[in-house]
Amino acid sequence: MRSVGVIAILAVAIALSISMLIARDAVSAKINSVRASTGNTITVSPKGFFGFSGGGTPLKATKIDGLLSIANVTAVQESLSEELTSTSTSLKSPTTAGSLGSQFGGPGASPSGSSTTFSIPVRVIGTNSPGNAVTGGANGGGTEKLTSGKAFSPTSKADVAIVGSSLASKNKLKVGSTFTAWKSKITVVGIFSAGSTFTDASALMPLATVQKLADASNQVTSATVVVNSINNVASVQKKVAKAVGSKADVTSTEQTVQTQLAPLNSVKTISTYTLLGAVVAAALILLLSMLMIVRERRREIGVLKALGAPNRSIIGQFISESTTFTIIGAIVGFFIGVVISSPITSALVSASSGSSTASNTGGFVRPAGGASGFTGGGSGFTPPSGSPSGGALHFGGVTNTLSQIHTSVGWTTLGFALVAAVVIAALGSTVATATIVRIRPAEVLRSE
Amino acid sequence: MLKVENLNKTFHTDAGDVHAVKKVSFSANHGEMVAIIGASGSGKSTLLALLGLLDAPDEGSIVVDDVELANLDSAGRTRFRSRGVGFVFQQFNLIPNLSAKENIKLALEFAHWPKEDRDARADAMLNMVGLDTTKSDRRPAKLSGGEQQRVAIARAFAAQPQLILADEPTGSLDRSTGQKIVELLRSAATQQQATVLVVTHDEKVAQKADRRLEIEDGVLRELA
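So the sequences go chain by chain: P and V.
The opening residue of the first sequence carries number 1 in the numbering used here; numbering runs sequentially from there.
The opening residue of the second sequence carries number 1001 in the numbering used here; numbering runs sequentially from there.
In short, the hints are calculated from the structure, not lab data.
Quick caveat, the model's predicted, so the values are computed rather than measured.
Any given hint could turn out to be false.
Claimed, not checked - Cβ-Cβ distance ranges computed for the label pairs, FRET-style: (1) P:Ser3 with V:Glu1068: 43 to 49 Å; (2) P:Val419 with V:Asp1117: 57 to 63 Å; (3) P:Ser320 with V:Glu1068: 35 to 41 Å; (4) P:Ala434 with V:Asn1097: 49 to 55 Å; (5) V:Asn1097 with P:Ala8: 17 to 23 Å; (6) P:Ser3 with V:Arg1221: 47 to 53 Å; (7) P:Val419 with V:Gln1193: 54 to 60 Å; (8) V:Asp1117 with P:Leu414: 28 to 34 Å.
No residue lacks a Cβ here, since even glycine has one placed at the ideal position from N, Cα and C.
Let the sequences and hints guide you as you build the complete structure.
Have a look at this one:
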């Protein structure tokens, strides 16, 4: 009966540790998943710059180029956004102003939003990363794909362009066609489609070309710094901010995501400490139980020693006893732990999320690779891996997503159960073993 | 042959030193049964513990068949206890979760008796002490006091030790059963050619022995 009691208590302690391990793993997986989905990029833009709706002073290209020397930075994608009006280009924008255009962007737009007649300018983006730049954000863009022709090289200085499919269609452009911009003849080398009317109404040109033609030498309006690992984003962000100075905004999703992940990190911490506590408690339970058993069987141990049993033989018997308790407790505890892990995890996450809801309300996450404002931080054909929608803004509902955690049991958990059982049995047997060694048969038998 | 010379043992307690055994010397032959009598606290159990290597003497010599035991290290003492000496206790001290036969086989295991012979040896010993064969698989709790002591005697003699130390072997038994147990010890000593030392305060038990020694305040003397 006593053995059953010891096993039952051990099973409860091991069940708790298993459920905490599973909770910890599930939360860790969720944290990694969320962090991975936010990408590993840092956006640098002029302070106050938000597309053509903001202000600021253009960044110096030479300074931005220097960011590549920062440790853990693998690439720096630069872009210079410009607008071509009817006086500076032969192109006509395929976009009609409509009432929104009149309200938000058009010259002469009235405060009431009533429309006046104006032409939407053609957006040109100079980029040094035509095949791997970023698009989207408020542009509503997706992945840009070449539908014909080819991309220009990142270091190109040629008067060439890749035009969006809508722009090409509106202006009857094909690969090899030409148009004028800043009084220069530009040759179309490719046509792309991004699935967005706004983005498909723009043109990509070599950064150096746009800087030269737009008289914007050494200027960029946005840069995306690619970091080798999500784990290094925070440290690189600090170095980038220091390098570019106070006239630039340096943003990444890291900090926002960390805030959002705080409840999960809290659960992870709680589960880690509870896990360790449960293992220690189980070892302590076994230790005290074994000590009690050894004390109760002191006479038997004395007799065994009198009969010539070596210490190792007696210790071995007690260790096998404690190991049996632990293994049975671990098996029972494992299954109980697996069963209760899901509700415990949910409860922990819910409780933790609930306590931090107030601080999260109204926040948003803008995944890395996002555009800097309505004109985008650049354009390209393939968004960085893990960027879910090319920089779309996700408002508050992230917390709800974070609470959806799925628990699962893997070999790691099984391995932990085994290791924990061994550790518990070993720790639980130590004092009992020491007590056995100290028992002197003469004293035990003298008390007869 | 057992030969003890100038054996001394002092316990250091808070109340002062207790000289439990003082310069004890005696000898006993194979097959001989020697009774040691004395009142409680006279030092007889301490003497037995010293002879059984359950405790170490402060000084003196214990020689069994020309082997000096007092100087053995821990492993040597354990080895001697498993093969050279058998204990019979007042409270029997059988292992409660083992059957009568398993208790004997356990002693044989500690003595490194050949594994394949242990079963037969245990049966032979149970037969020697006259335990009903149908009871050999019973645990101690299912045996009477006399039966338990028989099993204890069988266990003590199982590994053919040179020395048997019996501490008040009849103390927990009725007079009739006690007499039978003493006779059993007497015959086993002869049959196994072991030296049997019986510590007792019962004069009738002592009278069954070949010789009687009395211990008083740690000093041993031979009685006529």
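Structure-based check of all given hints:
1. P:Ser3 with V:Glu1068: 43 to 49 Å: Given a distance of about 45 Å, which is inside 43 to 49 Å, the answer is holds.
2. P:Val419 with V:Asp1117: 57 to 63 Å: 42 Å, violated
3. P:Ser320 with V:Glu1068: 35 to 41 Å: Roughly 37 Å apart at Cβ, these two residues keep to the hinted range, so it holds.
4. P:Ala434 with V:Asn1097: 49 to 55 Å: For P:Ala434 and V:Asn1097 the Cβ distance comes to about 23 Å; the hint is violated.
5. V:Asn1097 with P:Ala8: 17 to 23 Å: 21 Å, holds
6. P:Ser3 with V:Arg1221: 47 to 53 Å: 52 Å, holds
7. P:Val419 with V:Gln1193: 54 to 60 Å: For V:Gln1193 against P:Val419, whose Cβ atoms are near 55 Å apart, the range 54 to 60 Å holds.
8. V:Asp1117 with P:Leu414: 28 to 34 Å: 44 Å, violated
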